Amino acid sequence: MTTEPNTAPKMTARGVNVFYGDKQAIDDVSIDVYRDHVTAFIGPSGCGKSTFLRTLNRMNDTVAGARVTGDIRLDGEDIYAPEMDVVQLRARVGMVFQKPNPFPKSIFDNVAYGPKIHGLATSKSELEGIVESALTRAGLWGEVKDRLQDSGTALSGGQQQRLCIARAIAVDPETVLMDEPCSALDPIATAKIEELIHELRGRYAIVIVTHNMQQAARVSQRTAFFHLGKIVEYGATTDIFTNPREERTKDYITGRYG
Amino acid sequence: MNNAPASPPVGAAASVESRWASPEMRARIRRRYGAERRFKAVGLIAVLMSVGFLAFLLGTMAWSGLSGFSQTRVALPVDFRGSGLSIDASSMTKAEAMAALNQQGLGDLLQLSATSAYGAQGESYFGTAAKESAAAAIYDDPSMLQRQVELALPATSPIDVAAKGEGDAASEAAVARLEAAGKLSSGLDTTFLSSADATDPTVAGIWGALKGSLLTMLVTLALAFPVGVLAAVYLEEYAPKNRLTDIIEVSINNLAAVPSIIFGLLALALFINAFGLCQGSPLVGGLTLALMTMPVIVIAGRNAIKAVPPSIRDAALGVGASRVQVVFHHVLPLALPGILTGTIIGMARALGETAPLLLVGMRAFVGGTPDGLCSSATVLPMQIFLWSDEVDRGFVENTSTAIIVLLIVLLSMNAAAIILRNRFEKRW
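Protein sequences, first through last, are from chains A and B. According to numbering that gives the first Met the number 0, the first sequence is numbered sequentially starting from 0. According to numbering that gives the first Met the number 0, the second sequence is numbered sequentially starting from 0.
Since the hints were derived computationally from the structure, they do not count as laboratory data. Hints may contain errors.
In silico lysine-lysine, DSS-like type, Cα no more than 27 Å apart, as pairs [what the hints assert, rightly or not]:
{"no.": "1", "chain 1": "A", "residue 1": "Lys-22", "chain 2": "A", "residue 2": "Lys-115"}
{"no.": "2", "chain 1": "A", "residue 1": "Lys-98", "chain 2": "A", "residue 2": "Lys-144"}
{"no.": "3", "chain 1": "B", "residue 1": "Lys-240", "chain 2": "A", "residue 2": "Lys-22"}
{"no.": "4", "chain 1": "A", "residue 1": "Lys-144", "chain 2": "A", "residue 2": "Lys-123"}
{"no.": "5", "chain 1": "A", "residue 1": "Lys-229", "chain 2": "A", "residue 2": "Lys-22"}
{"no.": "6", "chain 1": "A", "residue 1": "Lys-98", "chain 2": "A", "residue 2": "Lys-22"}
{"no.": "7", "chain 1": "A", "residue 1": "Lys-98", "chain 2": "B", "residue 2": "Lys-305"}
{"no.": "8", "chain 1": "A", "residue 1": "Lys-123", "chain 2": "A", "residue 2": "Lys-98"}
{"no.": "9", "chain 1": "B", "residue 1": "Lys-305", "chain 2": "A", "residue 2": "Lys-104"}
So the derived list for chain A, only partly shown, Cβ under 7 Å to chain B, looks like this [to be verified]:
{"no.": "10", "residue": "Tyr-19"}
{"no.": "11", "residue": "Pro-81"}
{"no.": "12", "residue": "Met-83"}
{"no.": "13", "residue": "Val-86"}
{"no.": "14", "residue": "Arg-89"}
{"no.": "15", "residue": "Ala-90"}
{"no.": "16", "residue": "Asn-100"}
Please read these numbers as outputs of a predicted model, since none were measured by experiment. A virtual CB, placed ideally from N, CA and C, is assigned to each residue, including glycine.
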């Protein structure tokens with residue numbers, strides 16, 4: 000496991016501030032996200048890690064009164080530039096949410112929705128191929144291949160979350176953002192998702208927000224510790240957890256607050 | 000344990016137990032159960048009361064209205080030989096044939112036959128309805144013009160009412176005589192279901208008003224549903240939240256509460272005086288009711304759209320759906336059951352509305368069935384209103400029967416709403 004990246008960063012953020020109305024939620028955050036690495040955001044509740052995650056695919060645009068300043072680039076392209084198409088951006092930077100949120104449609108339609116609206120498949124058989132490969136990569140194909148027409152909401156919580164991951168990767172994104180994907184799941188389902196993150200690493204740049212420090216240690220190669228809207232420390236996961244430079248990081252990791 | 004002090008020291012196990020078992024606590028528990036029992040009883044009484052009122056309403060309507068679907072017929076022997084009546088059934092339409100028979104003196108022949116069969120008062124047994132019925136029978140079987148037949152013809156209103164038990168003394172006596180002679184019969188009143196308003200209650204029917212209502216509802220739905228839903232979508236999904244949209248929201252809520260007669264005045268000024276649209280037609284009536292129904296649909300639609308969980312919007316935006324795609328692929332399908340329920344409630348209210356239609360000229364006597372959106376028409380509640388003003392006993396029955404028809408239309412609309420809602424409802 001390499002601890003220092005040797006490729007150019009997939010996404011870069013420089014001096015990012017986020018305001019909700021008058022309240023500043025993110026204060027001067029700069030970070031690089033690498034394609035071959037899973038990047039974990041940890042920190043106490045309300046520290047801004049989810050807010051920052053949502054700036055990476057401009058999901059904050061839908062929040063009334065939210066304002067983002069600073070510079071965020073995907074492969075060197077400014078994603079807040081006026082000519083950036085936000086619909087395309089969100090296809091390139093996929094997202095998995097805290098609570099599994101499959102559409103109340105069939106399993107097949109859930110996964111096929113993204114490819115359909117982006118015109119990624121020219122025929123029905125091609126679409127079926129995309130759905131199968133996405134479900135396979137999400138580790139769900141074996142469990143649902145005989146009931147693709149069942150409702151996605153009828154699956155168990157863990158299966159629903161893997162369905163959401165399949166839905167996100169079906170449009171072949173470059174980056175996948177995961178906002179506490181396991182917080183609503185039991186330990187077995189959590190283990191499956193973590194395994195899945197391991198398998199997806201290298202194919203997509205993955206950013207995961209988590210409350211669970213063991214999970215950050217298990218799945219990520221790089222970790223950023225957020226506190227009060229700022230990044231306190233960002234580096235290789237092994238360094239953060241074994242040898243933190245900052246006192247506050249050390250206090251949080253050892254459970255003194257958070 | 001039971002003789003613990005009123006305020007026991009905190010922390011002692013025995014006194015904590017006695018606190019829960021103290022007389023005050025027991026009284027409190029009794030009061031709590033009492034309150035619950037009282038609330039349940041009051042709720043049950045409320046439900047029973049509404050069920051009682053509904054049963055009373057339906058019972059009265061059925062009691063006095065159902066007989067309106069049947070008509071009393073009196074047998075009349077008619078000798079057509081030598082009457083000079085003739086029609087060419089193969090080349091004439093039914094209406095033409097009936098007009099021709101009238102012109103050739105079918106009415107006089109019937110009256111003559113009535114006098115010879117039942118004496119001088121026999122003339123009063125048969126009226127317009129009998130003439131039409133006889134003409135229709137001849138059209139169906141022209142060969143009867145060559146022989147003597149006995150026709151069972153609809154009786155006039157006094158006889159009909161007397162046969163159903165509410166007539167005046169003279170008619171009651173006549174009915175008793177006919178009954179004894181075995182000349183009375185009754186059957187389904189097809190005239191009532193197929194004809195429009197008339198001055199004679201045995202000829203008057205509900206179909207004109209029913210068709211007028213259906214056409215009016217069609218116009219209302221075609222205008223109010225799309226406009227209402229689109230307004231709801233825009234206000235919920237696109238409009239910025241500011242003072243202007245607040246004002247719009249308050250105005251829409253107020254519009255839904257405006258008395259319906261005011262909408263009638265607005266429609267009179269706007270559609271008839273300013274635009275010069277055809278007065279008293281389903282088009283103008285439908286437009287008027289659409290104005291009234293739109294705010295109801297907007298409010299129901301906004302609530303239904305609000306109830307769609309934001310996680311579904313996030314999910315769709317997260318895979319790169321545009322705002323329009325989010326609305327049409329996800330939000331609207333999930334909100335549809337709620338929107339439909341609101342629409343049906345609004346339409347049901349519009350169907351029963353009379354006041355605004357008074358002002359746009361839909362209260363005129365309309366003796367024909369409307370054949371287009373711009374022809375003169377009346378609607379069911381208006382027909383009920385008009386008939387309830389008539390003096391003839393026959394119209395009392397017609398009024399009740401019309402109410403039954405209106406209720407049936409309303410109930411089938413509500414049933415349609417429930418079926419549609421169940422079909423589109425999805426769980427998440």
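Each hint tested on the structure:
1. About 39 Å separates the Cα atoms of Lys-22 of chain A and Lys-115 of chain A, which puts this hinted pair outside 27 Å; it is violated.
2. Under the criterion of a C-alpha separation no larger than 27 Å, the hint pairing Lys-98 of chain A with Lys-144 of chain A is consistent with the structure, at around 23 Å.
3. Our distance criterion of 27 Å between C-alpha atoms is met by Lys-240 of chain B and Lys-22 of chain A, whose separation comes to about 19 Å.
4. Between the alpha carbons of Lys-144 of chain A and Lys-123 of chain A the distance comes to roughly 17 Å, so the proposed pair stays at or under 27 Å and holds.
5. A hinted pair counts as satisfied when its Cα atoms are at most 27 Å apart, and Lys-229 of chain A with Lys-22 of chain A qualifies at roughly 14 Å.
6. As the CA atoms of Lys-98 of chain A and Lys-22 of chain A are separated by approximately 26 Å, the hinted pair is consistent with the 27 Å bound.
7. Between Lys-98 of chain A and Lys-305 of chain B the CA atoms are separated by roughly 19 Å; this keeps the pair inside 27 Å, and the hint holds.
8. Under the criterion of a C-alpha separation no larger than 27 Å, the hint pairing Lys-123 of chain A with Lys-98 of chain A is inconsistent with the structure, at around 30 Å.
9. Taking the CA atoms of Lys-305 of chain B and Lys-104 of chain A, the gap is about 20 Å. The hint holds against a cut of 27 Å.
10. This hint is violated: Tyr-19 of chain A has a C-beta 14 Å from the nearest C-beta of chain B, more than the 7 Å allowed.
11. Taking 7 Å as the C-beta contact cut-off toward chain B, the hint placing Pro-81 of chain A at the interface is violated, the least distance being around 17 Å.
12. Annotation: interface hint on Met-83 of chain A violated; nearest CB of chain B at approximately 13 Å, more than 7 Å.
13. Annotation: interface hint on Val-86 of chain A holds; nearest CB of chain B at approximately 5 Å, less than 7 Å.
14. With its C-beta approaching chain B no nearer than about 4 Å, Arg-89 of chain A sits inside the 7 Å limit, and its interface hint holds.
15. Annotation: Ala-90 of chain A was flagged as interfacial toward chain B, and the flag holds, the nearest CB pair being 3 Å apart, inside 7 Å.
16. Using the Cβ-Cβ criterion of 7 Å, the hint placing Asn-100 of chain A at the interface with chain B is satisfied: the shortest such distance is roughly 4 Å.
The structure is inconsistent with the numbered hints 1, 8, 10, 11 and 12, although it conforms to all the rest.
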